[in-house]
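Participant: Put chain B on the given structure of chain E with help from the hints.
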Amino acid sequence: MTTAKAIATASLDLVPATNVRRYPTPEAVARRANASRLPATVMLETKNLSRTVDGRVLVDDVSVQMQPCEIVAVVGPSGAGKSSFLRLINRLDEPTSGTVLLNGKDYRAIPPREVRRRVGMVMQTAYLFPGTVATNIAFGPRQRGEMITEDTIAALLERVGLPGYQDHDVITLSGGEAQRVSVARTLANAPEALLLDEPTSALDEAAARGIEELVLDIIEERRMTCLLVTHNKAQAARIAVRTMVIAAGRLRAIGPSKEVLGDC
Amino acid sequence: MIADLLNNLSGQVAIGLGQAAGAIALCFAVVALCRRFAVHVEREAVISIGRGLVQMVAVGFVLALLLHGDLLIGALILLVMTIAAAVTASRRLKGIAAPVLLSFWAIFAGSAVVIAAMLATGTLKGDIAILVPVGSMIIANAMNACAQAAERFKADVTAYVGQIEAALALGAEPDATVAPYVQSAVYASLLPRLDMLKSLGLVWIPGVMAGMMVSGASPVYAGIYQFIIVAMILAASGITGMVAILLMRRRAFSSAAQLVLRREERAKR
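Line order of the protein sequences matches chains E and B.
Here the numbering used here is used: the first residue of the first sequence is 1, the next is one more, and so on.
Here the numbering used here is used: the first residue of the second sequence is 1001, the next is one more, and so on.
Read the hints as simulated data drawn from the structure, not as lab findings.
No experiment lies behind these values; they were computed from the predicted model shown.
Watch out, some of these pointers could steer you wrong.
Computed cross-link-like contacts, SDA-like style, restricted to lysine to any residue with a CA-CA straight-line distance of at most 25 angstroms [stated by the list, open to error]:
1. Lys1125(B) x Ile1083(B)
2. Lys47(E) x Ser1255(B)
3. Lys47(E) x Gln1258(B)
4. Lys105(E) x Pro1174(B)
5. Lys1094(B) x Thr96(E)
For reference, chain B alone in the conformation it holds in the complex:
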C-alpha cells in the first residue's frame, strides 16, 4: 500500500522537495544576513527548519494513509494534536500546578466546541482530509491563545502582588482581587485573532481560500468559507483563553485565599 502511495506521489513529492529546497535556501540566506548584524539564530533556524519539514512530510504521509478513514480516526488525530498543543502551551505556565492538564482542558474546550459546532452545522465535513487540516488550524490558534492568555495573566499577577495582597488583606474575595488581570489576559489572547479577522482579504488571503480556488471552487464561496474558518478560530481562541484563565485563577490562590502565584518567596522578610 505504501509502495503504491509512493508511486502515485513520487512525481509531486520530487517537485515539492525541490520547492522546499528553494525555500530553505532563502531562509538560510536570511540567517546569514542576520549573522552580519550579530544576530545568531543559526542553530535554532537549522533545528526549526529541519523539524518543520520532517513533521510536515510525516503528517502528509499519515493523512495520505488515512485519507479515507472515518470520523473516529479524525477525532483521534485531533486529540493527539490537542495533547501536543497542551504540552507546548504548558511551557509558559511555570509556577502553576498541573500545567499540561490546565492547557489541555483549555485548548480542548475551545477546539472541541467549535469543531463540534462546525460539524453539526455542516460547515465542516467529517471527511478526514478536510477535518484534520481545518481542525489543526483551530487547535494551533487555541494553543497560541492559551499560551498568550496564561503568560499575560501570570505576568500581571506577579507584577501586582502588592495590590492583590493589599486587597486580600482588606478582606476581598480572591477572584475580585485579580479581576482586572483576568480581563486583560483574555483580551491579550483575543487581540491577534481580532487583528487577523480585520486584515482578512486586505493583508492576507489564507491557505484554505487559496486551496479551494486552486481546486476549482467559486472565489466568492472560498472567501466566505475562509471568513467562517477565521471566525471559528476567534471563537475557539476566546473560549480557550477564558477557560485557561479561569483554571489559572483557581490555581493562583490557596484554599485559605492566599496568593500562591508569585515569582518567588519575597526576599524581604
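Bound-form chain E, shown alone:
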C-alpha cells in the first residue's frame, strides 16, 4: 500500500484543498443506497483481466468487484494502463486473458453491442457526431431501432444541466457543454454501469466540478456502478467511495479513497 500511495502521490495532479464541496459526499450516496434495503450485489466484476500487445503488458491480472451506487476511482501514473482497463470493460479491446462479469454473467456470452449498451463509456474527448445535440442523444437508441421521444431528450438535457439545448449544433458547444452532452448521450442507452475516462481533464475547474456533481447525482439516482479514471487525486477523493491504484498495468492497491489516497 505504501508503494502504491507513493506512486499515486508522485504522479497525480493536486487540486487546491480550499475548494468547497457543494454536493453529497460519496459516502452519503452509498449510505442512501444502502438505506433502500436492496441486497448488496456485485454488478460489475473483472476477473484476472489482462491485455498484452506485441509483448507489452497493458493490463495485468486485474480483479475487482463493484456494487450498485458505487463510484470507484482508478488512479495511477500516465501509461499505467487505466484507460486500457476501461476499454477492456467496454470491450473496445479484447482481453488476452481473464474476463468481465456483468451481474454474474461472463460478457463474452453477451453480444458486444449489448455489452456496450449496458456498460456506457464516456471518453476523455466528447467525440460528438456532426449535427444537433438531439441527434447525438438519439444515436444510441437508434442503433437498436428504438425511437427516443423529444420529451426524453429534453429530460436528459435537463438532467445534465443543458435545458433547451436540443437544437443546438454541436460545433457551437463549449468543452464542458460537449462533455455533458456526451454524458447524456451515454445515459440515453440506460446503462447499468458507467465508465468515465478522464471526463474532466480538458475542462476548467468550474466545469469539472459541474460534471462531478452530475455524476454523483446520476449514479445515486439510477443505482449505477461507476468507474472513473482520473489523474486528479483530489477529484478521486471527492467523488469515489473506493479508489484503485494501477501502475504498470497491475492493481497495486484498492480500498476506501481516504485510506488509499490519504489527505489531499
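Facilitator: Then chain B, alone, in the frame of chain E:
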C-alpha cells in the same frame, strides 16, 4: 520463329529505339532541371525509365509471339497482369490482413465483369492483339482505383478512430460507424476516372482512338469506341473501389466488433 519475327520487326524496332532514345533524353533533361531546384529524382528516374522500356519491349515480344493465340491465352495474360496489379496495389494496404488477396479480388471483380461484358456485347473481340491491350488499360485503372480507395479509407479510419470508437461504445454496428468513410473512399477512387471522362476529347485524345485512326478507322467511330473504353474503365474502377472497401471494412473490425485498423496501439494508456 523468333528470328523471322526479329527480321520482320527490325526496321520498325530500330526506328522505335531511336525515338525512345529521344524521349529518354528529354526525360533526363527534365531530371537535370529538377536537380537545379534541389529535387533529386535521378535514381528513381533511371530505374523507372529503364524498367518501363524493358517491360514494354518484353510485352511487345510476348504479344508478337502470341498475336494469333486464342482467347484462353489472352485470359491467362490478363490474369497474370491482375496478379501483378494486386501486388502493386497491396503496398498501400499495410496493416490490413491478406492485402494481396484483397487487392486481387477487388481488381479481378472490376476488370472481369467489365471485360466479360465487353466480350459478350461484341465491343471487345477475343483477338489477343486487341483483348490484351484494352484489358490491360482496364486492369491498370482498376489497380489505381483499388489503391486510391484503400488508401483513402485507411487514412480516414485512422484519423477518426475516436469518433468510430465513440459510436461503437454506444452500441453501433461496426458497418454504421465507418459508413461516411466508405462513401468518401469509393468517391475518391472514382473521381480521377470521372475527370478523365469529362476531359475526353477536350484535354486529351487517348491512344486507342489515335491508334484506330492511324489504322484507317473512321474518326467518328474511333471517338465513340474510345468513349466506350473510358466508360468501361469508370465502371471497372467503381466495382473495384466498392469491392476493395467492402473487403477492407470487414477486415477493419474483429469478430467482437472492435476496431483493429489503426496506426498503432494507442500511446496513452
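Participant: Confirm or reject each hint.
Facilitator: Taking the hints in turn, this is what the structure says about them:
no. : hint                    : verdict
1   : Lys1125(B) x Ile1083(B) : 23 angstroms, holds
2   : Lys47(E) x Ser1255(B)   : 22 angstroms, holds
3   : Lys47(E) x Gln1258(B)   : 20 angstroms, holds
4   : Lys105(E) x Pro1174(B)  : 24 angstroms, holds
5   : Lys1094(B) x Thr96(E)   : 24 angstroms, holds
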